[in-house]
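S.K.: Sequence:
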Amino acid sequence: MNEEAKESSVCKDMANGDRASVVIDQGLDNSEESSVNINMLMGTLINSSLGSINILSRHIWSESVVGDFPYIMSTMGAFSLVDPIIGGFKAGVAYVGRNHAGVQCGWLIAFANNSLGAVVYADCGPLSRFNIINWAQIEANLNQASYIAYVSDPMTGTSVYATVSGDASSGSVLTATFNG
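Note that the sequence shown covers residues 0 to 179 in numbering that gives the first Met the number 0.
Hint data in this document are derived by calculation from the structure and do not stem from the laboratory.
Glycine included, C-beta positions come from ideal geometry on N, C-alpha and C.
All the given hints hold, so there is nothing to weed out.
Just the calculated beta-carbon pair ranges, DEER-fashion:
#1 Asn130 x Ser169: 37 to 43 Å
#2 His99 x Asp166: 36 to 42 Å
#3 Ser145 x Trp60: 15 to 21 Å
#4 Asn53 x Asn133: 17 to 23 Å
Just need the whole structure built from these sequences, with the hints factored in.
M.R.: Pasting the structure below:
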């Protein structure tokens, strides 16, 4: 099985586990699990930097979301988020690692799939840019974003390409690549 197929399988398993967690959290019995109307987002993050990257910060605007992002990522990481409240997702994550020159850098994505539609925002650059992440400003940027984000920082040679598709009612898919 190739790496992408493994990650896809892991992501589906995570999503099914998150769905089961929602059923338990909401006090439903197992027979109701398949009829639960929840929002689900599955994501794949690809790391093309010098080595592993670690979460620097994360922010999930809805308190009802179940799931999380990969904490440490060498080449690829899968995640799923589930929200039992109809209304969609809004979340963001920043990673820290070294670019190909060995300099510490940051990569950030924020995404939503709700009344805004499917949108994603990205940023990257020197680690100093991410010492204090203003999630309120990130949210404002996200509110003006599109379903595709591309950003590059010429000083560090880092870049992020991200896209989100689908809709809040049928499920969403996010893919992001962190280069450097």
